[in-house]
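Given next are the chains, with one letter for each unit.
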Amino acid sequence: MLTDFSIAAAAKGLRNRAFSARELTQAHLHAIDALNPRINAYITVTPELALAQADTADKALAAGEAGPLAGIPLAIKDLFCTEGVRTTAASKILSPFIPPYESTVTAQLKRDGAVFLGKSNLDEFAMGSSNMTSAFGPVENPWKRRGDDDTILVPGGSSGGSAAAVAARMALGATATDTGGSIRQPASFCGIAGIKPTYGRCSRYGVVAFASSLDQAGPVARNVEDCAILLNSMAGYDPKDSTSANIAVPDFAAAVGRGVKGLKIGIPREYRPEGLSAEIEALWQQGMAWLRDEGAEIVDVSLPHTKYGLATYYIVAPAEASSNLARYDGVRFGARVEGHDLGDLYERTRAAGFGAEVKRRIMIGTYVLSAGYYDAYYLRAQKLRTLILRDFTDAFRTVDALLTPTTPTAAFAAGENMDDPVTMYLNDIFTVTANIAGIPGLSVPAGLDGKGLPLGLQILGRPFDEETVFAVGGSIERAAGFAALPRIRAGVAL
Amino acid sequence: MSLDPATIRRIAKLSRIRVEDAEVAKLQTELNAILGWIEQLNEVDVSDIEPLSGGATMALPMREDVVSDGGIAEKVLANAPDRAGEFFAVPKVVE
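Quick note, the sequences are listed as chains A and B, same order.
Just so you know, we're using the numbering used here here: the first sequence kicks off at 1 and counts up by one.
Just so you know, we're using the numbering used here here: the second sequence kicks off at 1001 and counts up by one.
I should point out that these hints are in silico values taken from the structure, not numbers from a laboratory.
The C-beta atom is built at its ideal place from N, Cα and C for all residues, glycine as well.
You may find that some hints are simply not true.
Stated by the list, open to error - To give a feel for the contact side, a few chain B residues facing chain A, derived at Cβ under 8 Å:
| no. | residue |
| --- | --- |
| 1 | Arg1016 |
| 2 | Pro1081 |
| 3 | Pro1091 |
Full structure from sequences and hints, please.
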């Protein structure tokens, strides 16, 4: 089926005129029609726009002027502003918002000829690890536990719609964002690949802000090479984002096949929390064996402040969120609830417009920044941030990359881990330190657990050395030969 | 430390989020659980450690102080919940 192609193979097929961009886009729109009412991976589908973009791509392909992504159908996380297309951040407060401008990342994908199928679902304002906090309803993971078609599993979050759409073949790839694990955890839960690049690699211009010092855009796709192809288009210096790095973008796709011969791969001993499942430990050991067989040297390393990553994150991220989300006041854009005076209007608008998790984080952030508590919480967290970065800097003196599990468990059921917020936060224990330190991290599907659910391995690298991360990820992918398919996918509606 | 109901109301006020009386107890439990869990950071000796504000290691760039955009009032106002001419409209603030 056309929906089964990788991005690399689809680009080749389009160039050889084996099929047209219109046919490829239509195949994906049919899959969305069939599956989205159940999976809910898209908040907004834009079929007319997609077909118009596909026709433009077909013309460019016929003229021999096609960009590298000409005719490739993608899902765009509904956190990226798209000019003239509603952008909600999965929040009621932004539900009427139609951006008058385009994010830099999506503008670059358009420049390269990509087709946008629609806006994918996410946790509200990207705050969550299950996609359960979306104001537009949860997303169903297209994977099922073996022999159990009834239990609904979460796709992970916050980029749950992007990951589910790509896994179920409702898009060839998708944009996503990662503040504490929001690309890598859903990629792992949905059996696909996803990379959070180095902080500053992709422009944040036009991406709805959550925690500005941690947020980073990146792609999810069905294999490592496709992630590299998408990142090549998304990345690059942008004067509109003052934290965007003025550093040349290398050919990431070329690095995927480079191999790991002679590389030193660190295994952080602190990534074995009590209760880590034996299956995940076994997969991790298998990953080490694969890399050893390919000529890498496996080295034990220590990242002593790992255990403080999450608590540090849950001060820094809410603090920045409380500031960033102050703009949603019902005055200049978004939803409004009238009040008897301006203060009442603000309070009612924000009470009705934000969901429970967003409110909790705004309130925690407000508290840790408030007079008398700033030093005890926020300043202390910033100092922990220095220590966590130092752990990585020290490790990267002796190793070229780190190999860890992506998540402590496989996908859990909808409704699980909802009893108290902290249980849900623990999902990001292996991913969050990369955001705190600003380093790149890639999740690669590497195997299945005993119930038939996908598990990912994570590769962390030095700042701006995504090439080594892709090289290690490519080696893991080739050795793993991960070929399992989700239960629900285009052509298999269940 | 533990947040009491009055502090919850004060944080809600600072956050400009209306909180009904019936919601205070639940928020108190949830926020105290999160703050209690965060307390683990007190185990770490951070004396003589410089704070780190962000993942970007480069200095922030300077740019020319020039007008580079503007004259798009209609675009800016297109998403306004309420407007009066070329202005955003809000309830009366000054009597």
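**OP:** Have a go at the B:Arg1016 hint: is there a Cβ in chain A nearer than 8 Å to its own Cβ?
**Re:** With a minimum Cβ separation of about 4 Å from chain A (threshold 8 Å), the hint on B:Arg1016 holds.
Original post:
Taking 8 Å as the limit, does the beta-carbon of B:Pro1091 come near enough to a beta-carbon in chain A?
Top reply: holds, 6 Å
Subject >> Interface restraint verdict for B:Pro1081 against chain A (beta-carbon cut-off 8 Å) >> reply: holds, 4 Å
Violated hints for the displayed structure: none, as all numbered hints are satisfied.
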